[in-house]
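There are 2 protein chains.
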Amino acid sequence: MNLFILDYPDRRPLHMKLYNQLKEQILTEKLPPGAKLPSVRQLAAELAVSRNTVDYAYAQLCTEGFIYSKSRSGYYVSSLEQECKVRPSSPPVGLIRERINAQKNFEFDFHPASLSPESFPDKLWRKLTAESLSEKSEQFTAYCDPQGELDLRLQIQGYLERFRGVSCSPEQIVICSGLQDSLAVIAQLLQAEHASLAVENPGHWLPGTVFQRYAFTVHSVPVQPDGLDLDCLQQTASTVVYITPSHQFPFGYVMPVEKRLKLIQWMEHTGGVIIEDDYDSELRYHGKPIPALQGLYPEGGIIYVGTFAKVLSPALRVSYMVLPDALLPHYHQLFRQYAPAVSLLEQKTLYHFMMQGYWERHLRTMRTRYKRKHDALLQAVQHYFGSRASILGQGAGLHIVLKLIDCPFSEPELIRRAEDQLVRLFPVSETYSGGNPEAHIMLGFGRMNPEQLEKGVARLAHAWLDDKEYCSPE
Amino acid sequence: MNLFILDYPDRRPLHMKLYNQLKEQILTEKLPPGAKLPSVRQLAAELAVSRNTVDYAYAQLCTEGFIYSKSRSGYYVSSLEQECKVRPSSPPVGLIRERINAQKNFEFDFHPASLSPESFPDKLWRKLTAESLSEKSEQFTAYCDPQGELDLRLQIQGYLERFRGVSCSPEQIVICSGLQDSLAVIAQLLQAEHASLAVENPGHWLPGTVFQRYAFTVHSVPVQPDGLDLDCLQQTASTVVYITPSHQFPFGYVMPVEKRLKLIQWMEHTGGVIIEDDYDSELRYHGKPIPALQGLYPEGGIIYVGTFAKVLSPALRVSYMVLPDALLPHYHQLFRQYAPAVSLLEQKTLYHFMMQGYWERHLRTMRTRYKRKHDALLQAVQHYFGSRASILGQGAGLHIVLKLIDCPFSEPELIRRAEDQLVRLFPVSETYSGGNPEAHIMLGFGRMNPEQLEKGVARLAHAWLDDKEYCSPE
Chain W
43 MNLFILDYPD RRPLHMKLYN QLKEQILTEK LPPGAKLPSV RQLAAELAVS
93 RNTVDYAYAQ LCTEGFIYSK SRSGYYVSSL EQECKVRPSS PPVGLIRERI
143 NAQKNFEFDF HPASLSPESF PDKLWRKLTA ESLSEKSEQF TAYCDPQGEL
193 DLRLQIQGYL ERFRGVSCSP EQIVICSGLQ DSLAVIAQLL QAEHASLAVE
243 NPGHWLPGTV FQRYAFTVHS VPVQPDGLDL DCLQQTASTV VYITPSHQFP
293 FGYVMPVEKR LKLIQWMEHT GGVIIEDDYD SELRYHGKPI PALQGLYPEG
343 GIIYVGTFAK VLSPALRVSY MVLPDALLPH YHQLFRQYAP AVSLLEQKTL
393 YHFMMQGYWE RHLRTMRTRY KRKHDALLQA VQHYFGSRAS ILGQGAGLHI
443 VLKLIDCPFS EPELIRRAED QLVRLFPVSE TYSGGNPEAH IMLGFGRMNP
493 EQLEKGVARL AHAWLDDKEY CSPE
Chain Y
43 MNLFILDYPD RRPLHMKLYN QLKEQILTEK LPPGAKLPSV RQLAAELAVS
93 RNTVDYAYAQ LCTEGFIYSK SRSGYYVSSL EQECKVRPSS PPVGLIRERI
143 NAQKNFEFDF HPASLSPESF PDKLWRKLTA ESLSEKSEQF TAYCDPQGEL
193 DLRLQIQGYL ERFRGVSCSP EQIVICSGLQ DSLAVIAQLL QAEHASLAVE
243 NPGHWLPGTV FQRYAFTVHS VPVQPDGLDL DCLQQTASTV VYITPSHQFP
293 FGYVMPVEKR LKLIQWMEHT GGVIIEDDYD SELRYHGKPI PALQGLYPEG
343 GIIYVGTFAK VLSPALRVSY MVLPDALLPH YHQLFRQYAP AVSLLEQKTL
393 YHFMMQGYWE RHLRTMRTRY KRKHDALLQA VQHYFGSRAS ILGQGAGLHI
443 VLKLIDCPFS EPELIRRAED QLVRLFPVSE TYSGGNPEAH IMLGFGRMNP
493 EQLEKGVARL AHAWLDDKEY CSPE
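Line by line, the protein sequences are chains W and Y. Positions in the first sequence are counted from 1; adding 42 to them yields my numbering. Positions in the second sequence are counted from 1; adding 42 to them yields my numbering.
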């Protein structure tokens with residue numbers, strides 16, 4: 043029998059170390075089946091540990107069936123039918139951290155969905171969390187409403203009615219942990235009666251991905267400046283459509299009311315369902331936000347999806363959706379016994395945030411802040427690119443789309459050149475099914491301040507325009 | 043044109059009220075297509091509001107396409123193709139609350155997964171949340187690691203290794219928002235190569251439900267006192283199996299190591315996958331917890347699933363799973379671009395809770411507390427039921443199963459009689475596919491204190507045994 047090394051540096055108690063080493067020797071057959079183990083007294087002496095330590099390890103191995111005791115004879119290794127390999131120790135954590143940190147060396151980050159770094163109301167959130175924790179803490183020891191807390195749903199209902207023109211009752215609202223969660227619930231709700239989803243092209247990649255995993259066929263429908271091409275939609279024979287009518291992703295188009303009503307007609311004729319994603323509708327910098335499609339026909343089959351990710355925090359993982367009345371019985375049937383997706387503490391804190399008026403105030407502050415950034419970015423593009431670029435989707439959200447005129451570079455080449463200058467860009471091509479025909483670049487303005495935005499755009503102009511290939515006469 | 047009532051009591055600014063009323067009149071065709079609107083000056087005078095108010099409302103209606111302007115002529119109503127109904131106002135919230143409160147009038151609650159009501163460490167959680175919020179609050183303005191925070195994963199890895207005998211690296215750990223979330227991720231991971239899942243019968247209803255929604259066939263395999271019937275498992279031709287080997291749900295059986303190794307053999311021969319749910323393994327009241335199956339063969343296809351719901355809080359919605367190395371590339375391919383399921387704030391707070399040693403301390407406290415409750419329940423059953431009942435699954439978890447001897451009542455009848463006495467029970471039959479052949483009742487002991495448990499059992503004895511049908515000679 044090998045000597046045990048019990049002093050290797052970890053926090054486990056001695057008997058656990060002994061237990062683990064014995065188990066390993068049994069599994070690797072260094073202690074073969076039938077082998078007699080040393081007596082408790084003998085092993086304790088050999089290892090200079092107390093008998094209790096050995097007793098404990100043996101008892102545990104007995105309980106689990108690795109060894110057995112024969113009366114008046116001692117302990118023996120059980121006969122286990124299979125060899126089990128012993129795993130190499132964990133990979134060094136330092137390496138993992140390095141790998142993660144290596145990704146973060148950009149000087150300018152045009153991420154299209156990052157918020158202002160200083161914008162999270164941490165002190166307020168601390169106060170509201172404390173308030174939430176001081177109420178009935180026994181609530182945290184049980185499962186709560188799978189649909190989300192009623193108090194929070196009431197706040198969201200009021201907000202949606204006043205600010206988004208959404209007409210619903212709190213019973214139609216479901217609290218979710220983000221768009222992917224909402225979409226997964228929707229796909230499960232619809233999979234009994236629908237088999238195919240139409241999505242915008244270009245558009246967000248997520249809806250198609252989630253629905254495909256629930257065995258839906260996914261059709262890409264081209265987007266025009268007034269939104270989805272309805273003739274194409276009809277040709278797909280899809281009965282479910284995902285759209286972003288208030289601020290089309292990525293191009294920022296607004297679907298005018300006439301097309302909205304035609305889409306509602308389509309829904310009525312086909313018995314279809316519209317999934318309206320209103321993801322950053324609060325952020326409109328000129329005029330009022332466009333009211334939701336849902337408000338035009340609240341009794342129809344429109345599922346409204348919204349989030350706190352774009353104005354409050356993408357890291358808190360709270361979103362919501364509004365289900366049509368007709369889907370509620372099926373929703374309850376499928377999800378009544380599920381647990382909620384979002385932590386009760388988060389829900390309660392968000393409830394206080396909304397109820398005490400902080401949400402509306404935060405919204406106004408953020409709108410002003412992002413308007414400043416948005417305007418700075420537009421100015422910088424105008425200054426450094428002039429007639430060599432035009433801008434799409436301005437006036438709302440957290441990004442614009444830059445369209446380069448007479449650009450000799452492909453999108454990957456544009457991004458590579460930007461990266462060489464330590465500027466992080468995000469491809470528009472990923473929003474296309476079938477490739478991006480033109481040199482379009484998404485420029486998110488949430489993360490950087492106006493000065494950084496200006497410098498970042500200058501860096502881009504340097505990376506692209508100063509190249510001699512680009513210096514064609516205009 | 044109707045007069046506008048702009049002073050009805052809501053918080054919206056004047057121009058919003060005007061906008062809404064105009065929109066409603068257009069949608070209901072009180073203002074028909076082609077109708078000319080009053081000029082800005084005229085309407086402002088009529089309503090005694092500023093011209094800006096009218097300007098704003100008109101501009102918004104223009105943006106959305108409800109009206110259009112003709113140069114030098116004024117504003118006209120667009121021709122919209124469809125009438126849109128106006129929704130009735132929301133249902134009364136008072137009614138909803140009443141309905142919810144009506145469900146909570148039991149005096150004794152034997153819920154099998156409720157924790158001790160006073161056990162949530164609210165003051166500590168407040169302190170740790172404050173600490174988490176005082177670190178780099180800009181983290182809350184971006185999306186974070188879809189797999190979960192590395193720091194938390196490291197803590198979980200250490201805990202699993204020391205306490206559960208699980209051998210893994212933090213790169214194999216995924217933070218989830220509960221069992222349903224873990225199972226949904228697993229189903230998506232496996233659906234390309236597997237089509238059928240075997241589950242325990244009786245067993246938890248959730249795995250079968252989640253996998254069915256991902257188009258898996260689900261087979262029920264009988265459970266024996268040493269765990270799953272492996273011959274039956276083989277006959278199902280399933281290649282994925284969900285098991286609770288440390289504390290079988292609902293009967294509390296422990297799968298001995300020999301059967302565990304046979305199951306591993308099955309996995310190797312079929313190229314199969316074992317989903318090991320170790321849901322309440324920390325709570326074992328006699329001897330040490332049974333180490334996880336995963337630790338026997340960490341390099342194989344075992345997916346380990348664990349949760350904080352049974353010892354810390356079911357309302358916080360945090361769980362985790364350990365994926366085999368072989369599944370990691372596919373996991374990253376499918377979920378790299380997803381957002382995490384759990385809030386960053388919750389993850390950070392839990393990290394501090396574990397890192398500062400509170401989790402292990404809490405675990406020990408809870409084990410002691412639940413052991414006291416467990417023992418009190420056993421004693422009460424012995425006292426009030428004597429030879430008329432036997433107990434299954436004792437010594438661990440948060441519930442036992444009561445088996446009534448020579449019981450004349452069906453399970454629904456037993457539950458109904460208990461409800462008449464204001465005792466809430468949970469049917470074992472729901473854990474069976476194909477009905478519960480015997481009068482088994484789950485008794486959760488997490489929620490009540492020892493005195494309540496005793497009184498609750500007395501109430502049950504009164505509800506059942508005092509009936510003359512039951513008073514057969516022994």
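Some hints could be false.
Identical copies carry no separate label here, and so any pair may be met within one copy or between two of them.
Here are the computed lysine to any residue pairs in the SDA-like style, where the Cα-Cα straight-line distance is at most 20 Å [said to hold, decoys possible]:
#	residue 1	residue 2
1	K445	I457
2	K497	D187
3	K352	Q276
4	K169	R83
5	K304	D273
6	K445	R458
7	K78	F377
8	K169	S179
9	K413	G342
10	K497	E88
11	K165	S176
12	K112	T70
13	K178	R168
14	K413	T183
15	K352	A101
16	K445	A172
17	K59	K178
These are calculated hints, taken from the structure and not from any lab test. All values derive from a computational prediction rather than experimental measurement.
To see whether the hints hold, each was checked on the structure:
1. K445 - I457: within (14 Å within a copy, 68 Å between copies)
2. K497 - D187: Intra 49 Å, inter 28 Å, cutoff 20 Å: neither.
3. K352 - Q276: neither (32 Å within a copy, 50 Å between copies)
4. K169 - R83: Close neither inside one copy (58 Å) nor across copies (48 Å); limit 20 Å.
5. K304 - D273: within (11 Å within a copy, 59 Å between copies)
6. K445 - R458: Result: close within a single copy only, 17 Å intra versus 69 Å inter.
7. K78 - F377: neither (54 Å within a copy, 49 Å between copies)
8. K169 - S179: Both: 16 Å inside a chain and 15 Å across chains, each within 20 Å.
9. K413 - G342: Neither way: K413 and G342 sit 35 Å apart in one copy and 54 Å across, limit 20 Å.
10. K497 - E88: Intra 71 Å, inter 51 Å, cutoff 20 Å: neither.
11. K165 - S176: both (17 Å within a copy, 8 Å between copies)
12. K112 - T70: neither (23 Å within a copy, 87 Å between copies)
13. K178 - R168: both (18 Å within a copy, 14 Å between copies)
14. K413 - T183: between (43 Å within a copy, 17 Å between copies)
15. K352 - A101: neither (56 Å within a copy, 26 Å between copies)
16. K445 - A172: neither (48 Å within a copy, 45 Å between copies)
17. K59 - K178: Classified as neither: same-chain Cα gap 42 Å, cross-chain 38 Å, threshold 20 Å.
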